[in-house]
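Protein sequence lines correspond, in order, to chains W and G. Per our numbering, the first sequence starts with residue 1347, numbered consecutively. Per our numbering, the second sequence starts with residue 1347, numbered consecutively.
If you're looking for bench data, these hints aren't it; they were derived computationally from the structure. Worth double-checking, as some hints may not be accurate.
It does not matter which identical chain is meant; a pair holds if it fits inside one copy or across any two.
[Unchecked claim] In silico SDA-like cross-links for lysine to any residue, where the CA-CA straight-line distance does not exceed 20 Å: (1) Lys1568 <-> Ser1380; (2) Lys1379 <-> Ser1412; (3) Lys1544 <-> Asp1516; (4) Lys1495 <-> Thr1378; (5) Lys1369 <-> Thr1558; (6) Lys1495 <-> Glu1476; (7) Lys1616 <-> Asp1572; (8) Lys1495 <-> Asp1394; (9) Lys1495 <-> Ala1424; (10) Lys1451 <-> Thr1558; (11) Lys1564 <-> Val1633; (12) Lys1411 <-> Ala1424; (13) Lys1451 <-> Gln1398; (14) Lys1575 <-> Asn1587; (15) Lys1447 <-> Val1629; (16) Lys1564 <-> Glu1644; (17) Lys1575 <-> Ser1373; (18) Lys1379 <-> Arg1401; (19) Lys1369 <-> Lys1568.
Every value quoted in this text rests on a predicted model; they were computed, and no experiment measured them.
Protein chains: 2
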Amino acid sequence: MYYIGVDLGGTNMAVGLVDENGKILHSDSRPTKSASRPAEAVLEDMADLILQVIRDSGHTLDEVKSIGVGSPGTIVSATAELVSTCNLDWHHVSFRNELQKYIDKPVYADNDANVAGLAEFVAGASQGLENSVFLTLGTGVGAGFVIGKRIYAGTHNVGAEIGHMNIMADGGEPCPCGASGCWERYASATALIREGNKACLAHPESAMNAVTGGDPEKMTAKVVLDAAKAGDPAAVEVFNNYVRYLALGIINIINILDPEMIVLGGGVSKAGDFLLNAVREEVARRVFYDEVAYASIELAQLGNDAGIIGAAMLGL
Amino acid sequence: MYYIGVDLGGTNMAVGLVDENGKILHSDSRPTKSASRPAEAVLEDMADLILQVIRDSGHTLDEVKSIGVGSPGTIVSATAELVSTCNLDWHHVSFRNELQKYIDKPVYADNDANVAGLAEFVAGASQGLENSVFLTLGTGVGAGFVIGKRIYAGTHNVGAEIGHMNIMADGGEPCPCGASGCWERYASATALIREGNKACLAHPESAMNAVTGGDPEKMTAKVVLDAAKAGDPAAVEVFNNYVRYLALGIINIINILDPEMIVLGGGVSKAGDFLLNAVREEVARRVFYDEVAYASIELAQLGNDAGIIGAAMLGL
Chain W
1347 MYYIGVDLGG TNMAVGLVDE NGKILHSDSR PTKSASRPAE AVLEDMADLI
1397 LQVIRDSGHT LDEVKSIGVG SPGTIVSATA ELVSTCNLDW HHVSFRNELQ
1447 KYIDKPVYAD NDANVAGLAE FVAGASQGLE NSVFLTLGTG VGAGFVIGKR
1497 IYAGTHNVGA EIGHMNIMAD GGEPCPCGAS GCWERYASAT ALIREGNKAC
1547 LAHPESAMNA VTGGDPEKMT AKVVLDAAKA GDPAAVEVFN NYVRYLALGI
1597 INIINILDPE MIVLGGGVSK AGDFLLNAVR EEVARRVFYD EVAYASIELA
1647 QLGNDAGIIG AAMLGL
Chain G
1347 MYYIGVDLGG TNMAVGLVDE NGKILHSDSR PTKSASRPAE AVLEDMADLI
1397 LQVIRDSGHT LDEVKSIGVG SPGTIVSATA ELVSTCNLDW HHVSFRNELQ
1447 KYIDKPVYAD NDANVAGLAE FVAGASQGLE NSVFLTLGTG VGAGFVIGKR
1497 IYAGTHNVGA EIGHMNIMAD GGEPCPCGAS GCWERYASAT ALIREGNKAC
1547 LAHPESAMNA VTGGDPEKMT AKVVLDAAKA GDPAAVEVFN NYVRYLALGI
1597 INIINILDPE MIVLGGGVSK AGDFLLNAVR EEVARRVFYD EVAYASIELA
1647 QLGNDAGIIG AAMLGL
């Protein structure tokens, strides 16, 4: 049997036909266009893309066991309902009800970070482990927990909002959530961009300025990371601070959840071993335990495919 | 069948005969005297106390299914081995091997906070809930997680070290663990004592000084809490700050684990509704979610009995 996985994003939706080992056999994508049409129309289009992917793969609907959707936002997994999400301005949309208007298969849905964590558990870095935490270091910081070899999304499906763990009780950077001092203000790509721009103003000679031409709009996490890799002192300082905050949150996760592995995914993780080695060193230097083992820290292995693979595996 | 529960502390060990509903039928205690004798002698004495409690209860060893021990420190539950603990200066002590020299029954062991969380799940505030977090607000801050109706102690049995969650990334109060800014420096009885003493120096007129006679050694969490209840302005300020930090950590737990319930136990929780209402209000004011439900916050119900009951229930 095969499984359909859908990776729903604000810009594009990607659909793949996946086997039971988490291998994508065929995939395709379309623009989501959620600004110009209602959720119902987007999901009709999604059903159409699913049927097209199955046809193009050379397989038939009879061979498909289920459909899984990974979506940003708060998802009630039991009913495959999206409660709300900033990225799409959708409220209380049932993936199950909408997709089953067109395709008579079981439909599952979960949060995109949970789904990516599941994908790494089925076919990536944390394959087969009992307890793991997947972190997506992007615009914010998201997390997917696998506890006892199953997605753990909390009682009210709002668990793993780890980006809003407060690490600055007496102040800190304001967060769009309304609080101040949330971890993602310090450990996301957004943090690298903000601090990179500050460093460019303070250090006009920085190699980062040469790349952006002094335009803050052109600053990216990659600009900072590349300049730090090349040894630019201003970028190195931004990077070291970033690693310190990232490691602090990872140590909090270790102290609270004590998983077997913490997997780093999302845009920032593309810095690869440069980031990984720095984070491992900082965690080792600061972690609470010396007599006992603690979580290993690894890079995600599935990249953008994690969305499709993990969504498909919801039906496994 | 009945279950033996042992609550091992640095000062006393308490043993109880417990039924399958978590009801203590008979219990007794002895001094631990761990400073004056080796672990082996303490555990021989523990076995003797267990046999005495069974006799005194009017039941027989044949009616006892298992022995469970709740102990401070890092416990490998699979082998019932204590790795280390600050309170007893014991290292790599096997409760199972030692107790089975004297009593031929299955022996289980777990961390005292995990065990208290289990007790509240079996017979207390969080009875029967899928996911709950028990917090013990004492000298430090400990936690017991029940996830999927089972104790969750992490992969390396060092999970739920939630007291060392860092909430002051850029500094904060130093902690005996070596780090600075650990949550328990702000949310424990120790924090109330420290801040109570500071407030006494700054406000000689405080009602707290009248109780302690200005002797910092006589300051307790209860002195601060009673004075705050009575409206003493200096104590109210200490209490409000304490509640702010306690609530911040609770919100972190909600954002990360999203349990059904968070149960407040330990010495500070004896302040009862005065504490509970203040914490609930502060959490409601600051929590991230408005569209969805989040964990309820309740007081522990079993008090000191939680140690015996939870330890006994390890064999259930």
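May I ask which of the numbered hints given earlier this structure violates, with the numbers listed in increasing order? 1, 2, 4, 5, 8, 10, 11, 15, 16, 17, 18 and 19
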